[in-house]
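For the record, the sequence lines run as chains Z and A.
Heads up: the first sequence is residues 0 to 286, going by numbering that gives the first Met the number 0.
Heads up: the second sequence is residues 0 to 357, going by numbering that gives the first Met the number 0.
Simulated from the structure, these hints should not be mistaken for laboratory data.
The structure displayed is predicted, hence computed values, not measured ones.
Do not rely on the hints blindly, as some may be mistaken.
[Said to hold, decoys possible] Quick look at which bits of chain Z chain A covers, simulated, 3 or more residues with Cβ under 8 Å:
| hint | region |
| --- | --- |
| 1 | 172-183 |
| 2 | 246-258 |
[As the list claims (entries may be wrong)] Not the full set, but computed from the structure, chain A residues with beta-carbon under 10 Å of chain Z:
| hint | residue |
| --- | --- |
| 3 | G51 |
| 4 | E71 |
| 5 | R75 |
| 6 | T150 |
[To be verified] Here are the in silico distance ranges between beta carbons for each label pair:
| hint | chain 1 | residue 1 | chain 2 | residue 2 | range |
| --- | --- | --- | --- | --- | --- |
| 7 | Z | F190 | A | D23 | 23 to 31 Å |
| 8 | A | G14 | Z | V133 | 45 to 53 Å |
| 9 | Z | P199 | A | D23 | 36 to 44 Å |
Glycine residues also receive a C-beta, built at the ideal position from the N, C-alpha and C atoms.
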Amino acid sequence: MTGSTETVRKVASNTTVRHYLARVAFGLVLTIVGLLFALPLVWLVLAPFDATPTLSLEWPDWTLDNFARLFQNPYAMRSIGNSLLLGVGTMIIVVVLGALAAYAMSRIRIPGRDGILYGLLLLSSIVTGTAAMVPTFQIITSLGLINTYTGVLLVLAGGILPTVIFILKDFMDSIPKSYEESARLYGAGPFRILRDVVVPIARPGLAFIAIWTIVQVWGNFLVPFILLRSPDLQPAAVLMYTFYTESGQADLRLISAFALLFSAPVLIIYFVVNRRYGFRFHGGIKS
Amino acid sequence: MAGINATRLVKEYPGGVRGVDEVDVEINDGEFFALLGPSGCGKTTLLRSIAGLEAISSGQLVIGDRDVTDAEPGARGVAMVFQDYALFPHMDVADNIAYPLRIKRVKRDDRRATAEKVADGLSLQGLIERRPGQLSGGQQQRVALARAVATRPDVLLLDEPLSNLDARLRLEARTFLKELQRDLGVTTVFVTHDQAEALALADRIAVMKAGKLQQIGSPREVFQRPNNTFVAGFIGSNPMNLVPATVSAGAIAIGDAVSTTLPPGTEDHVREGQSVVWGVRPEYLRWTTADEPGAIAAEVSVVENLGASVLIAVHVDGHKLQVVVPEDHEPAPGDRGYLVPTGSKTLLFDAESTERIG
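Throw the hints in and build the complete structure from the sequences for me.
The structure is reproduced here in C-alpha cells:
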C-alpha cells in the first residue's frame, strides 16, 4: 500500500518536472523565434536616427540629418503621395467591383460558378509577377497605357480581384437570404438591398479587403517598376530602389529614413480602420 | 384588406418537381388561415409564391381584386415574417420597424413616430434603441411582426411563426398572435407543421401533402371529418387509429374474430366484402372490463401517462390501437378488456383510394 503511494508520488513529481522543462523549452523557442522577427523591426526604428547606419543592429549615434536629407530629395515625398494614390485608387476599384461580383456570384446560379471562381483564383495566383511581366508589358503598351496610372491601376486591380471576389463571396454566402427577401417584400430593388442590407452587414469583410488591397499595392514593386517611366510618377516602393550613393553603394542613410516613413501609413490605416469598424461580424439568428 | 384567391397554382422546379401542384384555395378577407403539412409538403413554397419570392409556374393568384400572378413582391401589398425573423442586425429596433417606410420615402420624423406607435402596440416600449442581437426570441418575433404590420399590409404572411420559440413561450406567443390578428383584422396566412398550432390559431386550415391540397376546412371539420386517411392521421395530438378491415354482413370485420358496427351514414355507400379502413380517435374509445354490444375485445400492451389522462396501447386481433383513458381508471399492461367506440365519431375510409366513405 505504502509502496504504491510512493510510486504514485514519484511518478507525479516526475511528470511535474517534465512538464515544467517542456514549458521552459517551449518558451525559449518562442523567444528565439520572436527575436528573429523583432530584430529587423528594431533596426527599422533605430537606423533612421543613426548618423552612420549599417546593416547590423547597433546603438545609434542620434541624429535627424537623414530625414533632413530625405526631405531635400525632390521625389521622396511625392512618391509617398503616388503610393497613396495608387493604393486608394486600386482599393476603390477592387472594393466596388469585388463587392458587386461577389454578391452576384453568391446569389445567382451560374452553371460552373465554382469552377469559374477557382479558375480565376488559380490563374491569378500562379501566373503572376515575373511570369506575367512580358505579356503585361506588351498588353499595356499596345493599349497605349504605358507610363499612366490607368495602366498600373488596371493591372494591380486585375491581379487582386480574383482573390477578393473569392473571399467576399464567402462573406456574402453567410448573409441569410431572408434579409434580402424581407427587404424585397417591402419594395427594395437590388441596389437598394445591396446598399441597405448587404454592404452594412458585410462591412467588416469590405474593410478587411480595403486594407489588404492597400497593403498589397503599397508593397508592390514590379508592376509600377515595369509600367511607369517618369520618376515623378513613381511610387515609394520603386523610388527606394534609386537611393544609391555616387559610388554605387546603397545609401543606407536615405533608405533607412525612407523605410520608416514608408511603413508608417500602412500601420496608421490599419489601426484607424480596425478601431473604427473592427473586424466583427453580425450573424443571423440560426447561424 | 383583401382576400386571396389562388387558381390551379403550380410551382415547378427545374427538373420537373412540383413544389405546389394545382392548388385551388380561396382565403377570405380578414381570415386567419393555416397551411399545414409535414415538412416538404409545399406549404412554405405556397406561402412564398403568394409573397412573390417564388415565381409561379402556372395558374393565377389574385389578392383583393388584383391579379398579382406576375407582380413584384413589393407590389403585392403583402408583408411577411420569416422563420428566422430576418431582422437587420445592423439597425436598431426603431430602424428595423421603420425600414419599409424608408423605402416608401416617408420622412424621418414620421417614420420614427410610426415605429414608436407600432412598437408600443406590441409591448416593445423601451427596447426601441436596442439591436436585434440584444433581444430575446419572443421580443425579436414581436419586432418582426411590428415591421410587418407597420405598413398596414393587405395580407400578412407568417412562416412557421412559433417554431423558433421555446415551448413555454410558444403558448404565450400563440395567444398573442391570435389577439393581434383579431385586432388588426388583417388577412393572415401562416405555415406550420404543428397540427395543434393550426387547430388553435386558424379560422380555416388547408392540409397539404406532396404539393397537393388534401383538405380545406375549419379546425373542427378537419378534426372531425377528415377527407382521407392522411388528414385523419396527421390531425390530432394522438393520431387517429386506422385499422384495416372489411365490410361483412352490414358490419365491419377486423380480422376473423372481431367486428364492430358501421359508422352512421355509411351503410348506403359500402358493398359487401369491400376493403376499408376503420378510423377512430383514441379519445373516442372507451375502455371497459365488461362486454357490451358493439364492444371489441382487446389486450393492453403499453401504458403511457399523459398527466390528467393515460394513453394505452392495446392489441386487437394483431392490430395496435391507442386509447385515452381518464386517470384513476387506468388498466395495467397485460389486462384484458373491451373497447367501446363512440359510434357517431367513428369514420370509414376506402382502403384503395384512402378517401372517406359517407
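**Asked** Taking a Cβ-to-Cβ distance below 8 Å as contact, does the region 172-183 of chain Z have at least three residues touching chain A?
**Response** holds (count 7)
**Prompt:** Taking 8 Å as the C-beta cutoff, is the stated coverage of the region 246-258 of chain Z by chain A satisfied by three or more residues?
**Reply:** It is violated, with 0 qualifying residues against the three required.
**Prompt:** With a cut-off of 10 Å, does the beta carbon of A:G51 approach a beta carbon of chain Z closely enough for the hint to hold?
**Reply:** holds (8 Å)
**Asked** Does the hinted range 36 to 44 Å hold for Z:P199 and A:D23 at CB?
**Response** Because 42 Å falls inside the window, the suggested range holds.
**Request:** Have a go at the A:R75 hint: is there a Cβ in chain Z nearer than 10 Å to its own Cβ?
**Result:** holds (8 Å)
**Request:** Let me know if the C-beta of A:E71 comes in closer than 10 Å to any C-beta of chain Z, holds or violated.
**Result:** holds (8 Å)
**Request:** Using the beta carbons of Z:F190 and A:D23, state whether their distance is inside 23 to 31 Å or not.
**Result:** Given about 38 Å between the Cβ atoms, the range is violated.
**Request:** Can you let me know if the beta-carbon spacing of A:G14 and Z:V133 is within 45 to 53 Å?
**Result:** Holds - the Cβ-Cβ distance for A:G14 and Z:V133, about 48 Å, lies within 45 to 53 Å.
**Asked** Taking the least C-beta to C-beta distance, is A:T150 closer than 10 Å to chain Z?
**Response** It holds, given that the least Cβ distance between A:T150 and chain Z is near 7 Å, below 10 Å.
In this structure, the earlier hints numbered 2 and 7 are contradicted, and the remaining ones agree with it.
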